[in-house]
Structure formats: structure tokens, C-alpha cells
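Asker: Build out the structure end to end from the sequences listed, making use of the hints.
Quick note on numbering: the sequence shown equals residues 763 to 948 in our numbering.
Derived by calculation from the structure, the hints in this document are not laboratory data. Note that CB positions come from ideal geometry on N, CA and C, so glycine has one too. Mixed in with the good hints, there may be bad ones.
Said to hold, decoys possible - Distance windows between CB atoms, simulated:
#1 D919 to R899: 27 to 33 Å
#2 P863 to L926: 16 to 22 Å
#3 R899 to D794: 30 to 36 Å
#4 R928 to E796: 20 to 26 Å
#5 R776 to P823: 18 to 24 Å
#6 A824 to E777: 18 to 24 Å
#7 E781 to D919: 20 to 26 Å
#8 G780 to R899: 25 to 31 Å
#9 P900 to Q785: 25 to 31 Å
#10 I799 to N885: 39 to 45 Å
#11 P900 to A818: 16 to 22 Å
#12 L841 to A821: 27 to 33 Å
#13 T783 to H880: 33 to 39 Å
#14 A814 to A843: 39 to 45 Å
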Amino acid sequence: MYGLVNKAIEGMVREGYGESTWQRVKAEAGVDIEGFISNEPYPDEITYRLVAGASAVLATPAEDILKAFGEYWVLNTGLKAYGPMMRAGGSDLKTFLLNLPHFHVRVQTLFPELEPPHFACENVGNESLDLVYSTSRPAGLEPFVEGIVHGLARMFDTTADIQLIRRRGEDGVDASVFHVRWNQTG
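Answerer: Written as C-alpha cells, this is what we have:
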């Protein structure tokens with residue numbers, strides 16, 4: 763994953779818990795990198811170790827760390843790093859989710875070694891859809907996707923409920939599917 767991801771984990775921990783906690787997370791993770799370079803690729807293992815380190819130090823399940831990180835990613839990193847691209851994705855949650863498959867194509871122009879996840883939308887209705895998520899990475903990042911959807915809902919002043927209805931790897935399926943329902947509040 764690119765350094766931008768690791769920098770975002772760092773930002774989330776520092777902003778929420780302080781510098782000393784971030785140093786404890788790095789120590790727990792066995793990561794001695796002083797500063798991550800945003801456009802530099804790093805082994806995925808570093809990111810996974812940082813999440814595990816945050817989970818241990820904060821005494822919070824890794825799934826909850828990933829959900830919080832997904833929301834932080836959208837509302838902080840995404841809007842700051844890709845603001846124009848984020849705004850071009852749509853003016854509401856439904857439109858953005860429908861355009862999500864194209865978002866990573868645009869991001870790949872900035873990060874050519876990016877191995878993005880793949881998204882598709884099925885069963886699209888006026889207030890819900892099924893979001894299909896697949897990735898080349900190991901299973902277990904579904905909570906991050908949940909956090910991303912919640913962050914997008916907040917970005918669009920919308921409440922959303924997201925439910926994992928099929929997990930990749932169960933019964934031989936190759937993609938996870940989330941049922942997303944929303945209610946425009948703004």
C-alpha cells in the first residue's frame with residue numbers, strides 16, 4: 763500500500779490519541795519508519811501491523827479500528843488528497859457509490875503501482891443498493907469498506923446502514939457484498 767495509507771493511520775491515531783500513543787502503536791507493530799512518504803509504495807504487511815498495533819495499544823478490536831479508519835480515510839485523507847476527484851464522483855451517496863468503480867481508475871493515474879479494490883453495484887433502488895467488493899488482498903478488510911461507506915454518507919449529509927450479506931471466501935464466493943440503505947438528511 764502507498765505511504766498515504768500509513769500516513770492516514772498515523773494521522774487518525776495522533777489526532778485521536780496523541781503523539782505518545784502513536785509511538786506506542788509503532789513500537790507494538792514493530793515499525794521503525796520515521797515518516798511515510800505519501801507516493802511511495804510500502805509492503806501491505808506494514809499497514810496490517812499498524813492496524814494490529816493500534817488494536818493492541820487502544821484495546822479495541824481490529825475490526826473497530828478498520829471501521830474508524832475507513833471513515834477517517836474519507837473525511838480527512840480522501841477529501842484533502844483527492845478533493846476534486848471526490849466531488850466529481852457525485853452529489854449524493856447513491857451517485858458516488860455508482861461511480862465508485864471509476865474512482866480508483868482516476869486515482870491510479872496518481873499512484874501507478876496501486877492495487878485497488880474493485881467495486882460494483884447491484885440491485886440498485888431509490889434508497890438502497892448492494893455494493894460488491896473484491897480485492898487481491900487477504901480477506902478481513904470488510905470493516906474498512908463499512909467505514910468508508912459511513913464516511914461517504916457523512917460527506918453527503920446522509921445517514922446510511924451497511925450490512926455485510928456475503929463474505930468473500932465463504933462458500934467459495936470471490937467477493938463480499940454489502941447491502942447499503944440510506945436516508946438523505948440534508
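Asker: For every hint, state whether the structure bears it out.
Answerer: Hints and how they fare:
At roughly 31 Å, the beta-carbon separation of D919 and R899 lies within the given 27 to 33 Å, and the hint holds. Distance hint for P863 and L926: a CB-CB separation of about 19 Å, consistent with the stated range 16 to 22 Å. Checking the proposed 30 to 36 Å range against R899 and D794 shows it is violated: the Cβ atoms sit about 24 Å from each other. Between R928 and E796, the C-beta spacing of about 41 Å breaks the proposed range 20 to 26 Å.
Hint check: R776 to P823, Cβ distance near 21 Å, so the stated range 18 to 24 Å holds. Distance hint for A824 and E777: a CB-CB separation of about 19 Å, consistent with the stated range 18 to 24 Å. Under the hint 20 to 26 Å, the C-beta atoms of E781 and D919, about 32 Å apart, miss the expected range. Here the CB-CB span from G780 to R899 is close to 30 Å, well matched to the stated 25 to 31 Å.
Distance hint check: the CB atoms of P900 and Q785 are about 27 Å apart, consistent with the given range 25 to 31 Å. Taking the beta carbon of each, I799 and N885 are about 41 Å apart, inside 39 to 45 Å as hinted. Roughly 19 Å separates the CB atoms of P900 and A818, a value that falls within the hinted 16 to 22 Å. About 29 Å separates the C-beta atoms of L841 and A821, a value consistent with the hinted range of 27 to 33 Å.
The beta-carbon spacing between T783 and H880, approximately 34 Å, falls within the hinted interval of 33 to 39 Å. Between A814 and A843, the C-beta spacing of about 25 Å breaks the proposed range 39 to 45 Å.
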